[in-house]
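Visitor: What follows is each chain in one-letter form.
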Amino acid sequence: MSDVVEKTLTALPSLLSLDSQPGSAKLSSNSKLGNLIRGITELTSKHEEEKLIQHELSSIKEQVSSPNTTMRQMRELMVRAVYCEMLGYEASFSYIHAIKLAQQGNVLEKRVGYLAVSLFLNENHELLLLLVNTVLKDLQSTNLIEVCMALTVVCQIFPKDMIPAILPIVEEKLNHPKEIIRRKAVLALHKFYLIAPNQVQHIHNKFRKALCDKDPGVMTASLHIYLQLIQENAEAYKDLTASFVTILKQVVGGKLPMDFNYHSVPAPWLQIQLLRILSLLGKNDQRTSEVMYEVLDESLRRAEMNHNITYAILYECVKCVYTIHPKSELLEKAATCIGNFVLSPKINLKYLGLKALTYVVQQDPKLALQHQMTIIECLDHSDVIIKRETLELLFRITNAQNVTVIVEKMLDFLRLSKDDHTTVDLAGKVAELAEKYAPDNEWFIQTMNAVFSLGGDMMQPEIPNGFLKLLSEGFDSEEEDRKLRLFAVNSYISLLQGDPSKLPQRFLQVICWVLGEYSYLKDDLDPVVVLRLLAQLLDMKGSSSDTKSWVLVAMTKLCWSETAVSVAQQVAETYSSSFDTTLRQRAQELQHLSRDSQLHSRVLPPGGSLEPVEVDSSLSFLDGFVSEALSAGAAPYKPLHQRQEELSRSKALSLEPYGLSLPISTSSCSITDRQSPTLLSTSSGLSGDSTDFSHRGSSTTLKLDGVRRVWGREGYLAQKEPVEEVAQVEIPSPLRSPGQQGDADSCHSRTPTANPEGDREKQQLASSLFGGLSSQSSVCLMEKSERFGRKAKGQRASSTPNEQRSDPSVSSSSAVDNLLCNNLLEENSEPIDSSTKQTFQHPQSLRVPNGACDAEAIISDDDTKGRNRPVSPEEHVEGDDFPPCEDKSKDLSLTAHLPAELSGFSHSEIIPLCSNRSLDLSACHVQTDNTVVLVVFVTNSSEDANLQIQVLSEELEVCCPCESPVEEVRGHSVSVRQYSLTVKRPLVHFELVGRLSYSAAGTLQSMQFSYKLPLTSFIRPLTVSTEEYGSMWLAFSHDTKQNLTLMKEEQEPLSATLNALKKKLSLHVVEIIGVEGLVACSLLQDQPCLMHCRVHAGRLAVWLRSPVADLPDCLLYHCQRALQEH
Amino acid sequence: MINFLLLFSRQGKLRLQKWFTPLSEREKKKVIRDMTMSVLARPPRTSNFLQWRDLKIVYKRYASLYFCVGLEEKDNELLALEMIHRYVELLDKYFGNVCELDIIFNFEKAYFILDEFLMGGEILETSKFAVGGSVEEADTLQETMEEYMSKPAY
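Protein sequences appear in the order of chains A and B.
Under our numbering, the first residue of the first sequence carries the number 12, and numbering increases by one thereafter.
Under our numbering, the first residue of the second sequence carries the number 10, and numbering increases by one thereafter.
Quick caveat, the hints were computed from the structure, so don't treat them as lab data.
In this text, all values refer to a predicted model and were calculated from it rather than measured experimentally.
C-beta atoms are modelled at their ideal positions from N, C-alpha and C, and glycine is treated no differently.
Some hints here could point you the wrong way.
Only pairs whose alpha carbons sit at most 30 Å apart, straight line, appear in this in silico DSBU-like list of lysine-lysine [claimed, not checked]:
{"#": "1", "chain 1": "B", "residue 1": "Lys27", "chain 2": "A", "residue 2": "Lys184"}
{"#": "2", "chain 1": "B", "residue 1": "Lys37", "chain 2": "A", "residue 2": "Lys111"}
{"#": "3", "chain 1": "B", "residue 1": "Lys22", "chain 2": "A", "residue 2": "Lys57"}
{"#": "4", "chain 1": "A", "residue 1": "Lys1052", "chain 2": "A", "residue 2": "Lys1075"}
Distance ranges between label pairs, derived from CB positions [as the list claims (entries may be wrong)]:
{"#": "5", "chain 1": "B", "residue 1": "Lys22", "chain 2": "A", "residue 2": "Tyr648", "range": "51 to 59 Å"}
{"#": "6", "chain 1": "A", "residue 1": "Gln508", "chain 2": "B", "residue 2": "Lys22", "range": "51 to 59 Å"}
{"#": "7", "chain 1": "B", "residue 1": "Glu82", "chain 2": "A", "residue 2": "Ser77", "range": "46 to 54 Å"}
{"#": "8", "chain 1": "B", "residue 1": "Lys38", "chain 2": "A", "residue 2": "Phe486", "range": "26 to 34 Å"}
{"#": "9", "chain 1": "B", "residue 1": "Glu82", "chain 2": "A", "residue 2": "Ser779", "range": "25 to 33 Å"}
{"#": "10", "chain 1": "A", "residue 1": "Gly1109", "chain 2": "B", "residue 2": "Lys38", "range": "48 to 56 Å"}
{"#": "11", "chain 1": "B", "residue 1": "Glu82", "chain 2": "A", "residue 2": "Thr347", "range": "24 to 32 Å"}
{"#": "12", "chain 1": "A", "residue 1": "Arg493", "chain 2": "B", "residue 2": "Lys38", "range": "49 to 57 Å"}
{"#": "13", "chain 1": "A", "residue 1": "Tyr100", "chain 2": "B", "residue 2": "Ala72", "range": "26 to 34 Å"}
{"#": "14", "chain 1": "B", "residue 1": "Glu82", "chain 2": "A", "residue 2": "Pro175", "range": "29 to 37 Å"}
{"#": "15", "chain 1": "B", "residue 1": "Lys38", "chain 2": "A", "residue 2": "Ala1108", "range": "48 to 56 Å"}
{"#": "16", "chain 1": "B", "residue 1": "Ala72", "chain 2": "A", "residue 2": "Ser56", "range": "22 to 30 Å"}
Just a sample of chain A residues kept apart from chain B, beta carbon distances all over 12 Å, derived [what the hints assert, rightly or not]:
{"#": "17", "residue": "Glu73"}
{"#": "18", "residue": "Gln151"}
{"#": "19", "residue": "Lys338"}
{"#": "20", "residue": "Lys361"}
{"#": "21", "residue": "Ile504"}
{"#": "22", "residue": "Pro511"}
{"#": "23", "residue": "Ser555"}
{"#": "24", "residue": "Gly635"}
{"#": "25", "residue": "Pro647"}
{"#": "26", "residue": "Lys1059"}
I would like the entire structure built from these sequences, with the hints used as guidance.
Guide: Below is the structure:
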């Protein structure tokens, strides 16, 4: 007892003293931490600091591991450890103690423990598993603070795999009486949604409850989730538009409690969140947009320009106005707003104005014209980021007329830029513009030279590759090609004659290739001169061994004259003893080919680079060597993944050789792999940069995409013309409107009158920059100019990621074209939702009250009445898609009724479904590129009838493109219905059940039918490269493995088997490497499945992977069937 | 979403770091180094924004302390600036005329306030929290005391 009292007495004052007074810096400075900090500030050198900290750390280490240390002391120690870590010294020994503190301490100590854990540990740290129980306990605590802390830490770091353990409790907290807990719980769920979306799928309706929470804070928190959800699928949340608008109205109208105000602006964060959501909802949707016009107008009106926070809201508002379906009145106001931003003397606002301009300029080039003088000013702005943003803006308005000026400006910036990311980004953009709009060959080559020399070696590899491809594949006219190549050769020769040591390696490689291929075009050039120039590269200190290989290859191509051979021989000799195996190989090639001129002309005919080279990828010419080695006792080669697989199998406990899930070690490794794309892209080096860029690229793509669609085909183009006219009227504005210039310039210290000379220059610049904008219609901005179409011919065929990025408008427009061509598909793309709903609602009204058991009810019903099904579809569909016809004459006659747009595709046999005296129902399915269409033929052999058909399935989404469910079928004719099918959930076979009700001569009758089709009808070949395959493979989570029988084929059982599979299941064989085969396919267009096959002990070991659950299993079943049948 | 928040002094000494995306230690160090270097090198009278890799950097100086936030491309820079300001207001309210020393010596408190303000890279609380932070602090103490009193054998 006395012990307890003593403890109480000693603990009380410390509890009271340390934390009772907020902001007590003086007290803490007496603490050990204070001593440490003061100690550090007194030091003079980095070395001393290091010594002190090391000393400190060892003393902390000693104390934390001592059993006598109380939790109170531990708390103090942790704070010190955190401080040491912040200074950059590792204190990993304290991690486990931080977890312990969170576990065992009282509230205050716990709090420090949690803080230390969240600062020390990474999301992937294994120690985090030890925290799960603590969090679980605290979540269930009755102490609010503990619950709060637990929720905070869950939001900060929590192992992804353990989310299911706490999810129910976090969910429960959504109903907590305290709003702070509800708010935190919502944010925690938001976090879960971000890192593991499928885990929280089932609680979407609870989010709605959070949205309707009486506490505005909880509602605000729920908007984070909604923003995310709507970003992914706006269609599903259109019904909430009115609610969001109402909320925004209330907020703008000041209906929220005062304490949500920030500098007397009502809940700005909430407003901005709502504006973002609205812009997503209103995109491409006139009806939804109309709902929000009023509140947007109000927001624009209410936000007075007086404080940063209102500017932030205005900016978001403007973006929203330009994203949703346009309304001229609002656009006008938004344009004024942008003007205010751009002309503001505050740099931050100017920057934001430029950003807004960049966002809207493609829709409204007039705006850029209005502000052209400001834009010119910004080009020379002292702040780099303003310059950068201006270039971004110019990049968006580039056309064939202003390209030279804009590219010049961008190159100027590149020359001064020190930031790698910017350099890579800008170099890519310049290359893109050069390819698109190059006015002539000379300019193109010179610009690309600048790109190569400035972009250096960090540049994305696609740029030099694309450039070389462009050169080699050429354009339509031979003569033009020749000129371009010749110009390149000339320019490179002169570069090499200058100082090549300053050129980046990539550029040198490009030069080598071009000289090797095309220097023969220059008649007066002796190859020996070129060889000497190339040889000089070999001797340069900075040349990488990669570059040297390029040089040697180029030399090999050039050494066909007597004198050249001697130079080549010399070089070859030097490098044939190089340590670098690649170099040695190249040197050997050079040596042999230069000696034997006949062989040389056979292997490397001049100008023959266009012929495709056949590569023996299976390396079959090495078979002899391999078998020799094997017979000499060498172990057979196992590829990397197989070795890993075997390794993990030997580690894992599972005795099943091929289970459904991966062995533990591989799965955990693949999880980390999968996470990497979500990481902040900070890893340095080439690969890091390229991923960076692809992220960036995709973001630009998104923007362009949005822009295009808003102003897309029906709605806005009509309205757009007047805008363009205005733009034309305003052409002379750079020369004419001094008022405007005055506005533009007033924000700067320089005035136009003070510097007429400079001003004239600027005006000239303006007219050259914006010239194309006004005279040419803005359509040119969105479409490719003639020249690019020609230039990029080669590139487009190759469809590199670069190309896709550079040209989103084209790809999307061609997609649109496709849609338009295909009447059926276009209709499908109309609101799918409603039509599905329809099909699901009908049966309810008909007979069965419960929608869920509909299908079953009908099936069983069908079975009893099933006699009128003449052929059981089961017999047909299994195994093969298109079995031999039994009823040929009927089939033929019905085939003629196939809709014209489907006649180009293969269709299955037409199966009779059901019939009675007057009606005959048959069906077949047609496989188009991105859907499967069920075609139902109704043959009416008596008089006119009104009929109605419903088709539904649990696993398939059935869309009926026709408007009215009831249709009249005239007597003695055939009516055709189409239903497009998409897969909701993969299954081996899909069954569709249908009901036909018809009224003829006043009587109502109905029939049931069913139709079965295999998964294979939905499988399409997926064309991917081996690299893409590799990266996809790692990203997919669902997999299955099985051994299949190999076909008995003497020669190449693997390729024979794969070909059989390919034929039956329409798969795509990516590559066959030795005993392994890579196969890819996708479920319709968007759900890929990869298959990895390996011949192993006379059987075919197959491993399927897909992001879609069940798909691998179902596909495997079909593979099995296909091979058994064979 | 905010990716990180850093507080550092004019000498480039880190005072507080908060990461909302998982990064390795090495990457964090690189970010910190790059941020201090590029922010401190900014000439006067320039904007408060920077581009760094694919992130937008928003920074603001309060006396001797720089507040620096890394944002994603789609985020609103001005809003982030106000977010920083709000955080400073909070610190000011809690410490009472806050200065760099307060944050150095009580950095864990600064973290606690931040945790109540931002959660998972999003603003948690835009209202009341000015009082909220300190209220909770007091609450904590009270609760602890209650717990302490009710379970003296602890």
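Visitor: Take the hints in turn and mark each one as holding or not.
Guide: Here is what the structure says about each hint:
1. A hinted pair counts as satisfied when its Cα atoms are at most 30 Å apart, and Lys27 of chain B with Lys184 of chain A qualifies at roughly 26 Å.
2. For the proposed pair Lys37 of chain B and Lys111 of chain A, the alpha carbon gap of about 25 Å is at most 30 Å, so the pair holds.
3. Of the pairs offered as hints, the one joining Lys22 of chain B and Lys57 of chain A holds, with about 12 Å between alpha carbons and a cut-off of 30 Å not exceeded.
4. For the hint linking Lys1052 of chain A to Lys1075 of chain A, the alpha-carbon distance of about 20 Å falls within 30 Å, and the restraint holds.
5. For Lys22 of chain B and Tyr648 of chain A, the Cβ-Cβ distance of about 55 Å falls inside the hinted range of 51 to 59 Å, so the restraint holds.
6. For Gln508 of chain A and Lys22 of chain B, the hinted distance range of 51 to 59 Å is satisfied, since their beta carbons lie about 52 Å from each other.
7. Glu82 of chain B and Ser77 of chain A have their C-beta atoms about 50 Å apart, which keeps the hinted 46 to 54 Å range intact.
8. Remark: the range hint 26 to 34 Å for Lys38 of chain B to Phe486 of chain A is contradicted by a beta-carbon distance near 50 Å.
9. Between Glu82 of chain B and Ser779 of chain A the beta carbon distance is about 30 Å. The supplied range of 25 to 33 Å therefore holds.
10. The beta-carbon spacing between Gly1109 of chain A and Lys38 of chain B, approximately 54 Å, falls within the hinted interval of 48 to 56 Å.
11. At roughly 26 Å, the beta carbons of Glu82 of chain B and Thr347 of chain A sit within the given window of 24 to 32 Å.
12. Look at Arg493 of chain A against Lys38 of chain B: about 54 Å separates their beta carbons, and that is inside 49 to 57 Å.
13. Our hint of 26 to 34 Å for Tyr100 of chain A and Ala72 of chain B holds, since their Cβ atoms are close to 27 Å apart.
14. Checked against the given bound of 29 to 37 Å, the beta carbons of Glu82 of chain B and Pro175 of chain A, roughly 32 Å apart, stay inside it.
15. Taking the beta carbon of each, Lys38 of chain B and Ala1108 of chain A are about 50 Å apart, inside 48 to 56 Å as hinted.
16. Checked against the hint of 22 to 30 Å, the C-beta distance between Ala72 of chain B and Ser56 of chain A comes to roughly 27 Å, which is consistent with it.
17. For Glu73 of chain A, the shortest C-beta to C-beta distance to chain B comes to about 22 Å, beyond the 12 Å cut-off, and the non-interface label holds.
18. No beta-carbon of chain B is positioned within 12 Å of the beta-carbon of Gln151 of chain A; the least distance is around 16 Å.
19. Distance check for Lys338 of chain A against chain B: the nearest CB is about 23 Å away, which clears 12 Å, and the non-interface claim stands.
20. Not every beta carbon of chain B lies more than 12 Å from that of Lys361 of chain A, the smallest distance being close to 8 Å; the non-interface claim is violated.
21. Consistency note on Ile504 of chain A: stated as away from chain B, and its beta-carbon is indeed over 12 Å from all of that chain's, at 38 Å minimum.
22. Pro511 of chain A, annotated as away from the interface, keeps every beta carbon of chain B farther than 12 Å; the closest lies near 31 Å.
23. Listed as a non-interface residue, Ser555 of chain A keeps its Cβ farther than 12 Å from every Cβ of chain B; the least gap is roughly 25 Å.
24. Every beta carbon of chain B lies more than 12 Å from that of Gly635 of chain A, the smallest distance being close to 48 Å; the non-interface claim holds.
25. For Pro647 of chain A, the non-interface assignment is confirmed: its Cβ lies about 38 Å from the closest Cβ of chain B, beyond the 12 Å cut-off.
26. Remark: the non-interface label on Lys1059 of chain A is consistent with the geometry, its nearest Cβ contact in chain B lying 52 Å away (cut-off 12 Å).
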